[in-house]
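Read top to bottom, the protein sequences are chains A and B. Note that this note's numbering gives residue 495 to position 495 of the first sequence, counting from 1, and the numbers run on in steps of one. Note that this note's numbering gives residue 324 to position 324 of the second sequence, counting from 1, and the numbers run on in steps of one.
Don't read these hints as lab results, they were simulated from the structure. Incorrect hints may appear among the rest.
Derived, one-sided and incomplete: chain A residues facing chain B with beta-carbon distance under 7 Å [to be verified]:
(1) A225
(2) K365
(3) T468
No farther apart than 16 Å at their CA atoms in a straight line, the calculated lysine to aspartate or glutamate pairs in the EDC-like style are these [unchecked claim]:
(4) A/K223 - B/D330
(5) B/K307 - A/E278
(6) A/K222 - B/D330
(7) B/K196 - A/D88
(8) A/K292 - B/E109
(9) B/K309 - A/D78
(10) B/K125 - A/D78
(11) B/K124 - A/D25
(12) B/K112 - A/E278
(13) B/K196 - A/D78
Here's a subset of chain A near chain B, in silico, CB distances under 7 Å, partners left out [as the list claims (entries may be wrong)]:
(14) A77
(15) D78
(16) K209
(17) F264
(18) E350
(19) Y441
In this text the structure is predicted, and so the values were computed from the model without any measurement. Built from N, CA and C at the ideal position, the CB exists for glycine as well.
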Amino acid sequence: MDKKVEFKKGTYCFGAPVKHQKYLDLPFAREWQPHNEDWGLPHNWKEIIIQGMKTLLNRYRSFKLFMDVCVRCGACADKCHFFIGTGDPKNMPVLRAELLRSVYRRYFTLQGRIFGRLVGARDLTEEILKEWFYYFYQCTECRRCSLYCPYGIDTCEITMMGRELLNLLGCNIQWIIEPASNSYRTGNHLGVPPLAFKETMEFAVDEIKELTGIKIDVPINKKGAEVLFVAPSADYFASPHWYTLLGYLMLFHEVGLDYTWSAFASEGGNFGLFHSYELMKKLNAKIYEEAKRLRVKWILGGECGHMWRVIHQYMDTINGPADFLEEPVSPITGTRFENAKSTKVVHIAEFTADLIFHNKLKLDKSRNDKWVVTFHDSCNTARSMGLFEEPRFILRNVCNRFYEMPENTIREKTFCCGSGAGLGADENLEARLKGGFPRAYAVKYVKEKYGVNMVACMCAIDKASLPTLFEYWVGGVDVCGIHELVGNALVMTGEMERTKDLRGEPLSSGKNNEDLRQ
Amino acid sequence: MSTKLIYALTFTIFLVTIPIIGVGILKLEFLFSIVVPYLALAIFFLGSIHRVVLWSTSPQPFNITLSAGQNKSFRWIRTSYVESPHSKFGVILRMITEVLLFRSLLRNEMVKTHESRWLVFTPKKGLWFLAMIFHYSLLVIVLKHLRFFFEPTPFFLDLILRIDKFFELSLPSLSLTEVLVLVGTVGLLLRRILSKEIKYISLFGDYFILLLILTLVLTGILLKHSFRVDLLDVKRFCIGLFTFNPHVPSKVGLTFYVHLFFVSVLLVYFPYSKLVHAKGVFFSPTRNLPNNSRQKRYINPWNYPVKVKSYEEWEEEYRDMLKEANIPLDKEEKGP
Ligand code: SF4
Ligand code: SF4
Ligand code: SF4
């Protein structure tokens, strides 16, 4: 436990640029890098941390409890993908928590104060701070460990607390602070200003026209629409997210949904979640604000993992009540989304599954025949929402060949992509690849067994990180969103004969793959 | 062997010598049979209450339940009532199976990276099994002790005693629970010593509690078999303790004092160690909250406001661009 942490290139994220720290008004904004010998900490940093711990202990029962009840049974030890991938003992969830717990013992418990090291208490030192940074930014807050813990100890909570504490001293990473500051400034994490936002939407309209012959309409900031649609901004700026966007747009057009995008709430993803309560709340607030201003009835949310963690478990609590909205009802099927009665935000997989169940869509599965598909449960929609069946129901209806990965690696037991919780940077690629190893190997398994060549998922970070991961470990496997496959299969009224899929590649009628289908 | 284990062993031996010296040499029977147990009980009760108060005074700000099954959504999708409960009833079921059957532990599986770098999963129920027999045999043993506190012995105790006796092994005349608790304790201890990972995460306290219980069990067995003690005297002592009518037992021997002293140590240790997990499990927010956070608003008592950027500010900042993009504005002209 006492080995000094070594910042090896490729395993940690870089510090945040001062400009963005200042924009968000973060404490002790300064140029700072984790590998620096001298972290330039304020002289009273110890008091700040201990005072901070005290505040958090008083605010979060989860924190206090999880500090006290671990029995070190080790059930969680080999459940973390970072431990499986790196073999670093401090990546065992129990030890990750112990890094903080040992300090808690020293300053907040009687036995720790008296017996010190004998009972596993440690004095706070700069070394420990560095260790916190290293290991709390090697946790994707995926909550897999919590599933196996007999007391439900959630190391994600502990990582969140650890990060909150580091923030007090201005130790943040670029890949969280920059997107967060962009979101705050422009409305979305890529920093896309409204003009460019509009232009990309027009670009999507053109592309759909080319593919289907249909000119669709993309309403932006339209007052009085029935539904506000919020998606992660990567959907309209990155690939392969882009094809999912085309899928959404085609679907909305086809069913005639009266909806609108918002150029202000143009980001669902919430990088604040990986930083602190305050930042999460700050970034999330604009969604309800826009819903109110645009006088919509309810909100529909796109494919994104951490956006949905926030919507499902935090949004109503931090920025609600949403009493200016109505209980969501699908205008097409009349279904009441009772499970979203209070928050008034419906997940797009729920929305589409309901459409398919009521036979409102004409789907030609064979258009996806070149894909042998498997589904990666994003940890947030899995373990923090329980959204398992809807996406699978959709997949079974839009493609002919869908195979599950081994059951220890899907649904509630799903393995993270290794890049969540703000770790999807470039500089820590080695850590990401190691962390994503279990997921990649489950994919490799189904690739060899069933010929899987497409991994569908519902998370923007997954779509960004999985392609690299699979290229490294597996090879020959693509990544897509659920709604890309929906868009491919969707037979639109008045469409011309489709020859290309949403990626602009020739639509296969399944002929060239017949041999794979045994 | 790990140094922590050596410390724990030394400490346990040290604790054994205290009553031996105290009663055997210094003849402090009153201190060890009356003062220490009362003190220990007081610390146990106050400490336990204090701990629960500590937990309860911090609010649980968010509904962070862990969904381990399908959330309730449409009528045509099967909901997982226990693994992702959306009602109180479901939560209760989840908690009961968690507390009584160690449900999460039952999920345990071992994952190993194979030479070819495959991941191999093997179910690992050993820990669950050890934990079950350990906790349940301890429970039965504690219940069995109640016979010292009640006159006449309640019928359910009689039943337990008889069942337990029924399985009694002739040699060396151990009852079923005694065998099980030994297997459980030694098994858990061996696990900590033999498994590399578990050894790495183990602390002094993790070894100590097992050694403490082992000592308790061994002295208990000794009391029952080798050094016959006057059970009536023990009963008088116990009833005396709880009717605040203290009686110093005289026909019991040193082993009894060691046993009693360890019970006291356990009571004192309980609220200040990882043993609080016994109460903590009921408080666990990942298990005791329903997965209905979109259906019912969850309240955070300290939900303080933060500074946000409003739409007006944003519109002001991007006014020209919004105009150019033909995106409708709230205010047509620049604000004052
Ligand atoms: S499973 Fe839970 S109790 Fe066991 S070591 Fe991990 S966190 Fe601690
Ligand atoms: S939350 Fe996920 S990444 Fe973090 S310790 Fe647990 S299993 Fe590992
Ligand atoms: S990116 Fe996806 S898989 Fe990775 S942590 Fe987020 S939700 Fe989980």
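Results of checking the hints against the structure:
1. The criterion of a C-beta within 7 Å of any C-beta in chain B is not met by A/A225, whose closest approach is roughly 12 Å, and the hint is violated.
2. At about 20 Å, the closest approach between the beta carbon of A/K365 and any beta carbon in chain B exceeds 7 Å, and the interface hint on this residue is violated.
3. Residue-level restraint check for A/T468 is violated (minimum Cβ-Cβ distance to chain B is 18 Å; threshold 7 Å).
4. A distance of roughly 10 Å separates the Cα atoms of A/K223 and B/D330; the hinted pair therefore holds under the 16 Å criterion.
5. At most 16 Å may separate the alpha-carbon atoms for a hinted pair to count; B/K307 and A/E278 meet this at roughly 9 Å.
6. With a C-alpha separation of about 11 Å, the suggested pairing of A/K222 with B/D330 holds against the 16 Å cut-off.
7. For the hint linking B/K196 to A/D88, the alpha-carbon distance of about 13 Å falls within 16 Å, and the restraint holds.
8. Note on A/K292 and B/E109: the hinted pairing is violated, with a Cα-Cα distance of about 48 Å set against a maximum of 16 Å.
9. A distance of roughly 43 Å separates the Cα atoms of B/K309 and A/D78; the hinted pair therefore is violated under the 16 Å criterion.
10. In summary, the hint linking B/K125 to A/D78 is supported, as the alpha carbons are separated by about 14 Å, within the 16 Å threshold.
11. Using a Cα cut-off of 16 Å, the hinted pair B/K124 and A/D25 is violated, with the two alpha carbons roughly 49 Å apart.
12. With a C-alpha separation of about 40 Å, the suggested pair B/K112 and A/E278 falls outside the 16 Å cut-off, and the hint is violated.
13. Simply put, B/K196 and A/D78 have alpha-carbon atoms about 12 Å apart, close enough for the 16 Å limit, and the pair holds.
14. Hint status for A/A77 relative to chain B: holds, with the closest Cβ pair at about 5 Å, below 7 Å.
15. Using the Cβ-Cβ criterion of 7 Å, the hint placing A/D78 at the interface with chain B is satisfied: the shortest such distance is roughly 5 Å.
16. For A/K209, the interface hint is violated, since its Cβ never comes within 7 Å of a Cβ in chain B; the closest pair sits about 19 Å apart.
17. At a threshold of 7 Å, the smallest CB-CB gap from A/F264 to chain B is about 5 Å, leaving the interface hint in force.
18. Hint status for A/E350: holds, given a least beta-carbon distance of 6 Å to chain B, under 7 Å.
19. Here the hint on A/Y441 is kept, as its CB sits about 5 Å from the closest CB of chain B, short of 7 Å.
Of the numbered hints listed earlier, those contradicted by the structure are 1, 2, 3, 8, 9, 11, 12, 16.
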